[in-house]
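> Each chain, letter by letter, is given below.
There are 2 protein chains.
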Amino acid sequence: MTRTTPAGTPLGDAFHVYDTTLRDGAQREGISYSVADKLKVARLLDGLGVGFIEGGWPGALPTDTEFFARAAAGELDLKHAALVAFGSTRRANTKAHEDPQVRALLDSQAPVVTLVAKSDRRHIELALRTDVDEAAAMVADTVAFLAGEGRRVFLDAEHFFDGYAFDPDTALRVLDAAATAGADVVVLCDTNGGQLPLGIADTVGEVVARTGFRVGIHCQDDTSCAVANSIAAVQAGATHVQCTANGYGERAGNADLFPVIGNLVTKLGKDVLPTGALAELTRVSHAVAEIANIAPDSHQAYVGSSAFAHKAGLHASAIKVDPELYNHIDPGVVGNDMRVLVTEMAGRASLELKGHEFGLDLAARPEALGSALRRVKEMEARGWSFEAADASLELLLRAELDERAQAPFSLESYRVILDHSMDGTVVSEATVKVHVAGQRVIATAEGTGPVHALDAALRRALAPHLPWLDEVELTDYKVRIINRGAAHGTDAVTRVLVESSDHEHEWTTVGVHGNIVEASWLALCDALAHKAMRVTATV
Amino acid sequence: MTRTTPAGTPLGDAFHVYDTTLRDGAQREGISYSVADKLKVARLLDGLGVGFIEGGWPGALPTDTEFFARAAAGELDLKHAALVAFGSTRRANTKAHEDPQVRALLDSQAPVVTLVAKSDRRHIELALRTDVDEAAAMVADTVAFLAGEGRRVFLDAEHFFDGYAFDPDTALRVLDAAATAGADVVVLCDTNGGQLPLGIADTVGEVVARTGFRVGIHCQDDTSCAVANSIAAVQAGATHVQCTANGYGERAGNADLFPVIGNLVTKLGKDVLPTGALAELTRVSHAVAEIANIAPDSHQAYVGSSAFAHKAGLHASAIKVDPELYNHIDPGVVGNDMRVLVTEMAGRASLELKGHEFGLDLAARPEALGSALRRVKEMEARGWSFEAADASLELLLRAELDERAQAPFSLESYRVILDHSMDGTVVSEATVKVHVAGQRVIATAEGTGPVHALDAALRRALAPHLPWLDEVELTDYKVRIINRGAAHGTDAVTRVLVESSDHEHEWTTVGVHGNIVEASWLALCDALAHKAMRVTATV
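Chains as they are written, first to last, in this note's numbering: chain S, 1 to 539; chain E, 1 to 539.
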């Protein structure tokens with residue numbers, strides 16, 4: 001039997017950080033990823049250095065099928081992680097190699113397949129409507145078939161803890177069927193999330209001792225113990241832990257990848273990430289939240305913006321003397337910051353590092369660095385976020401260094417008119433008055449919505465004067481309403497992220513304003529300014 | 001020595017549910033309670049049946065001093081809980097009865113006092129700048145003085161776990177000073193929140209065994225384990241557990257009272273609340289969030305609105321057969337509901353269950369169910385999503401059953417004008433033409449953005465004719481751009497979710513359109529239609 005091994009895991013195979021943000025995490029109410037979103041999330045997780053990325057259920061969901069196809073076509077160049085396809089065992093009383101769902105797992109070309117199987121006899125009888133013999137055969141056949149085709153196979157034993165408590169023989173028999181047929185890891189799943197840590201530790205320890213199998217853990221947060229349960233399982237012998245970024249998942253969610261990693265590294269001393277990656281924890285957490293379009297939880301352990309923020313007067317002075325006495329870890333270790341109301345980006349060091357990415361030597365210009373830091377903080381207090389908008393940040397930093405190129409145009413005014421007429425049609429029309437290449441230009445265009453109309457009018461005005469404009473395409477547009485303080489509903493601040501591409505580069509810009517159209521305008525202007533800057537630099 | 005006992009604890013004194021929402025929980029960034037707020041929160045917690053309510057630090061904070069004064073004057077008629085004043089031991093090298101801070105604790109007239117003391121030798125030396133002998137004397141003197149005055153005294157041993165690991169003798173000596181002087185409970189505090197459950201269980205078990213004292217637990221959530229740590233401590237022998245409502249607190253927060261209670265009752269079988277009170281858990285959680293002015297966490301274990309929400313098509317049909325197989329508890333036990341999310345994967349079963357939530361018997365109308373399912377699927381294919389918009393789904397289902405109430409108004413047309421003028425100001429103005437109560441009404445209003453202006457103009461037009469309109473408030477507004485197929489950037493479909501409230505109900509509606517303003521308009525119209533439906537139903 002041949003086996004592919006996880007792509008380049010630098011830490012070897014001894015411990016698996018297994019991420020299922022894109023499959024189980026996508027069950028969270030309100031999340032719906034595009035294929036492009038999934039590719040971005042996968043790249044972020046790979047950059048963090050997780051060992052496995054469960055990308056979805058190919059064959060069951062069209063988005064997932066396309067994700068695996070594009071990954072196989074080379075769009076996902078994973079450095080650390082192995083890509084995993086999730087699926088089910090063959091149906092009862094069929095052959096594994098004839099089951100279209102099983103074939104779709106093979107067709108996905110993912111080197112690893114995780115199969116879900118029922119291990120609670122009640123579920124086997126009530127939901128599968130079959131008996132334990134056939135359930136075990138379904139597992140054995142499917143694992144053997146996929147392993148025989150060169151896939152590495154893991155088994156998710158659904159409802160394992162309830163099943164083991166109810167009928168341990170059945171639960172162990174399902175694990176045994178998988179391991180004997182060639183599954184590398186049997187993952188004990190607390191599917192309904194009802195477990196507590198001491199119980200998890202007992203059961204995991206017992207299963208490891210009784211079977212000798214490599215055991216994994218998958219926890220849900222229904223008792224608010226998913227992170228604790230995962231850690232307790234590792235302490236009891238599990239060497240594979242399944243999590244989702246920010247704990248996204250069905251109901252109360254899954255075990256949150258970031259505190260699980262934080263705890264494994266800083267509390268248990270396990271090197272589960274490549275060197276240096278732990279400091280990316282906060283950034284990756286916030287970037288995934290941005291893509292999922294879910295406001296980050298400011299009180300999230302390790303990575304929340306308040307995770308190391310101290311308000312208590314009782315502590316404030318003592319913290320100055322010795323912060324280590326009051327923080328359980330040095331916040332910098334996970335890329336976070338101790339100060340209150342300082343942002344995701346904050347900190348001279350991270351801004352300097354960021355400048356370095358843009359080829360800017362901010363260390364040599366401490367006054368410009370200080371001024372840029374003040375400006376970033378002041379803007380973030382008003383709802384801006386540069387976390388996912390590098391291009392806007394680069395423009396800001398270059399302006400502080402007086403290196404910002406001449407803006408490609410200047411605005412005099414714009415007007416947008418939206419008409420919902422009696423016959424039900426909705427028309428958006430925008431007029432812009434701009435100065436470009438020494439001329440005043442007025443242009444009007446229609447669009448599907450106000451921002452589209454504005455973009456179209458601006459392009460019409462500028463196109464004759466900016467030869468590169470045609471190359472620039474708007475590839476994504478995200479909107480987030482920021483409720484600050486007493487502001488309610490539509491009376492809040494709007495943050496717009498615009499992603500642009502010229503088929504060579506992709507860049508993201510941000511705009512913030514009480515008016516969504518003006519926020520979009522600001523982000524559009526930055527997008528063009530960034531392209532103009534690069535055009536100027538190469539001329 | 002006389003002792004007051006906790007006021008009317010129906011469950012006796014064997015186990016303490018101790019709430020510190022109003023003291024430690026108030027350290028959360030963004031929370032600032034008025035005295036009236038504190039009284040309301042205390043009444044809610046008392047209604048739930050907690051044993052102790054720590055009301056604040058009298059003498060240290062004016063709001064807290066007034067809170068205790070008004071409680072003592074009879075404004076807080078507690079049925080179950082004893083009121084607790086929190087404070088510090090006397091300062092080094094002073095007398096307890098002369099310390100103004102200690103006297104303020106007496107003056108508060110609270111029957112119970114919880115004293116905080118350092119139990120980590122490093123903190124004693126670095127922060128208190130004294131030695132262990134004096135630190136122990138500070139504890140002993142202050143406890144003895146307050147106990148002698150008839151108060152029941154608990155000791156919060158700050159940074160206990162780190163202190164015990166660093167120098168167990170000092171840590172135990174502080175506990176001993178308190179217990180010997182008359183403290184009833186010594187509370188082991190994981191002040192910086194760095195502990196994990198198995199370690200907590202070991203230490204608590206060891207301290208109970210070595211001292212024989214009554215031990216309490218106070219956990220912070222910095223490892224995302226506060227609830228788990230609290231439960232592990234109880235399993236190891238702690239009989240007093242300190243929590244805050246919704247886990248509010250400094251940094252990552254405190255142990256969340258609601259999942260802690262949920263776990264104690266439903267997992268450990270401990271009767272820690274009066275009969276019937278557990279079903280109030282969800283209501284009390286949301287009411288406290290309302291007073292704290294913090295949006296409830298929809299994914300909170302036990303009490304979150306998504307805590308029992310199922311999305312996976314995999315499960316939906318099986319849930320119908322036996323919900324107990326998929327939920328760790330019956331949601332009704334904690335006053336929550338099982339919600340089924342309607343998604344891309346929706347089937348007849350989940351739509352039927354959903355209708356049942358609205359009081360609609362779709363099973364009896366199979367043709368209407370089939371037609372509703374086709375309509376939902378067709379709309380979802382165009383970017384609609386009903387999983388977070390129950391009110392819009394209910395309107396759709398009622399329309400299929402011909403049960404939809406007359407719309408409260410009809411639109412003739414609207415126009416929105418956005419002007420970014422030469423001086424940089426941005427103005428949004430909307431005009432609506434509607435038919436309401438047999439009249440044609442035209443109204444114009446300005447707003448901070450296009451949707452706000454449209455909402456304002458619509459309200460201006462309708463207010464004279466719809467007496468209930470003033471009650472309806474827009475509480476949240478979410479925007480998501482849906483990229484479908486080849487559609488790119490601003491040329492995509494926009495999905496808007498609007499949350500509304502009339503201070504009795506909250507409901508969410510959805511609108512989808514290529515134009516963001518039209519999408520918002522559709523969601524706003526559904527929001528008013530849903531309210532009108534309920535008004536009509538109760539007339």
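Just so you know, not all the hints are guaranteed correct.
Copies of the same chain look alike in the list, so a pair counts if it fits in one copy or across any two.
Said to hold, decoys possible - Mimicking SDA-like on lysine to any residue, the simulated pairs with C-alpha atoms at most 25 angstroms apart in a straight line are:
| # | residue 1 | residue 2 |
| --- | --- | --- |
| 1 | Lys433 | Ile417 |
| 2 | Lys478 | Ile294 |
| 3 | Lys433 | Leu411 |
| 4 | Lys354 | Val132 |
| 5 | Lys354 | Leu128 |
| 6 | Lys270 | Gly199 |
| 7 | Lys433 | Thr266 |
| 8 | Lys478 | Asp131 |
| 9 | Lys267 | Leu198 |
| 10 | Lys354 | Ser371 |
| 11 | Lys270 | Ala165 |
| 12 | Lys40 | Arg365 |
Hints were generated in silico from the structure; no laboratory data involved.
> Indicate, hint by hint, whether the structure satisfies it.
Each hint tested on the structure:
no. : hint               : result
1   : Lys433 with Ile417 : both (15 angstroms within a copy, 16 angstroms between copies)
2   : Lys478 with Ile294 : both (11 angstroms within a copy, 10 angstroms between copies)
3   : Lys433 with Leu411 : within (6 angstroms within a copy, 33 angstroms between copies)
4   : Lys354 with Val132 : neither (57 angstroms within a copy, 33 angstroms between copies)
5   : Lys354 with Leu128 : between (53 angstroms within a copy, 24 angstroms between copies)
6   : Lys270 with Gly199 : both (23 angstroms within a copy, 16 angstroms between copies)
7   : Lys433 with Thr266 : neither (56 angstroms within a copy, 62 angstroms between copies)
8   : Lys478 with Asp131 : neither (49 angstroms within a copy, 47 angstroms between copies)
9   : Lys267 with Leu198 : both (18 angstroms within a copy, 12 angstroms between copies)
10  : Lys354 with Ser371 : within (15 angstroms within a copy, 55 angstroms between copies)
11  : Lys270 with Ala165 : between (30 angstroms within a copy, 20 angstroms between copies)
12  : Lys40 with Arg365  : neither (34 angstroms within a copy, 45 angstroms between copies)
Violated hints for the displayed structure, listed by number in ascending order: 4, 7, 8 and 12.
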